[in-house]
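Protein chains: 2
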Amino acid sequence: MKLYSYWRSSAAYRVRIALHLKQLGFETIPVHLLQDGGQQHHADYQLLNPAQLLPVLQDDNLSLNQSLAIIEYLEEVYPEPALLPTDAKGRAEVRALALDIACDIHPLNNLRVLQYLTGPLALNEQQKLAWIQHWLTIGFTALEQRLSLTCGEYCYGNQISLADVCLVPQVYNALRFNLDMQSYPHIHRIYQHCQQLAAFALAAPEQQPDAMI
Amino acid sequence: MKLYSYWRSSAAYRVRIALHLKQLGFETIPVHLLQDGGQQHHADYQLLNPAQLLPVLQDDNLSLNQSLAIIEYLEEVYPEPALLPTDAKGRAEVRALALDIACDIHPLNNLRVLQYLTGPLALNEQQKLAWIQHWLTIGFTALEQRLSLTCGEYCYGNQISLADVCLVPQVYNALRFNLDMQSYPHIHRIYQHCQQLAAFALAAPEQQPDAMI
Chain A
1 MKLYSYWRSS
11 AAYRVRIALH
21 LKQLGFETIP
31 VHLLQDGGQQ
41 HHADYQLLNP
51 AQLLPVLQDD
61 NLSLNQSLAI
71 IEYLEEVYPE
81 PALLPTDAKG
91 RAEVRALALD
101 IACDIHPLNN
111 LRVLQYLTGP
121 LALNEQQKLA
131 WIQHWLTIGF
141 TALEQRLSLT
151 CGEYCYGNQI
161 SLADVCLVPQ
171 VYNALRFNLD
181 MQSYPHIHRI
191 YQHCQQLAAF
201 ALAAPEQQPD
211 AMI
Chain B
1 MKLYSYWRSS
11 AAYRVRIALH
21 LKQLGFETIP
31 VHLLQDGGQQ
41 HHADYQLLNP
51 AQLLPVLQDD
61 NLSLNQSLAI
71 IEYLEEVYPE
81 PALLPTDAKG
91 RAEVRALALD
101 IACDIHPLNN
111 LRVLQYLTGP
121 LALNEQQKLA
131 WIQHWLTIGF
141 TALEQRLSLT
151 CGEYCYGNQI
161 SLADVCLVPQ
171 VYNALRFNLD
181 MQSYPHIHRI
191 YQHCQQLAAF
201 ALAAPEQQPD
211 AMI
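Protein chains in written order, with UniProt numbering: chain A, 1 to 213; chain B, 1 to 213.
Bear in mind the hints are in silico, worked out from the structure with no lab data behind them. Some clues are possibly wrong.
Said to hold, decoys possible - Covered stretches of chain A (in silico footprint by chain B; criterion: 3 or more residues with CB under 8 Å from a CB of chain B, positions within the stretch not fixed): (1) 55 to 68; (2) 89 to 95; (3) 101 to 108; (4) 117 to 130.
What you are looking at is a predicted structure, and each value in this text was computed from that prediction instead of being measured. Note that the Cβ used here is the ideal one computed from N, Cα and C, for glycine as well.
Can you make the complete structure from the sequences, with help from the hints?
Shown next, in the form of structure tokens:
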């Protein structure tokens, strides 16, 4: 399999975690989101993904975008270890936690949005940071409340799930923007717990071949 | 089942379409996003959904947020008619199309975002409309290209799927904001085709008990 990835992309980070949890080998194809005007906008990448976003996973005759669609695909084709519970209620609740992050937090602080804020809208750095913190705070506050009902060692009881796969990159992103995690004890504890696992360590941005530290 | 809904909410609209396609009876509980300071922010609704967003579906002992998690749940518990193909590749491609809308288009033009633009950022109506059109144009341009490879009568061949369930509310939203659909012939044709089906007609915003026309 080939993964088109950027070390700091939250969505690519999710897929890397899932691939490592399932112990699937893959080749990383770096796409630099900032160099050369953004390599995701280059014509050859647009052929792969007209949305000019990461990641894309290629497996046999499949070329797939959208991190959650990719992970659901991996879950169906390579079911072990499972990232979703076996019962419909559990699967639904885990998917909802993952989508709380993937639909309600991450899209608002994505690179292209921040570029629009400081470009066409001409926001200064302080206003940009206020925007980022606003959506992180709203999103994490809701997520913390929800996790208080569902979590054990991980987001959903004591089994790693798709929710943890989404949580860790989002917390990594929040820490980059200096969000104070003291208000989110469940989120922070689960994040730290996941970081101790090999799959999460291998998927970490700083461990990627294209990392610029 | 009970669906907490607002007539113009894209996410609630998706779930209504899925419920009608599967011919499942449900009671609509209106949550008015604008009246009384936004009923989604009231304490009793926050108990149901701390994210203060729509929709929430209640079924037996389940109270579930996130439209795509709800529809995947319906798909598992009430499988007919299927909204996902049977093969892993097809399921993945349909989910990716749905997420193209649910993650990359819809969250950026949601009510709470527009309220932040005109509130804290003090954008005028023209700037707000430019923001809306920017993300719609980027999103629809990519989606149109993708659909040129996948569509038949519907987004994915000739079977209705989760992708159509997401497409129709997004186009409805785009038409509200006067997006010129001439550049998106596949999207527009599929939208018009879906509108002829009873399930889509029943789920339409103007047909809801809380519609204010």
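Hint-by-hint comparison with the structure:
no., hint, result
1, 55 to 68, "holds (count 6)"
2, 89 to 95, "holds (count 5)"
3, 101 to 108, "holds (count 6)"
4, 117 to 130, "holds (count 5)"
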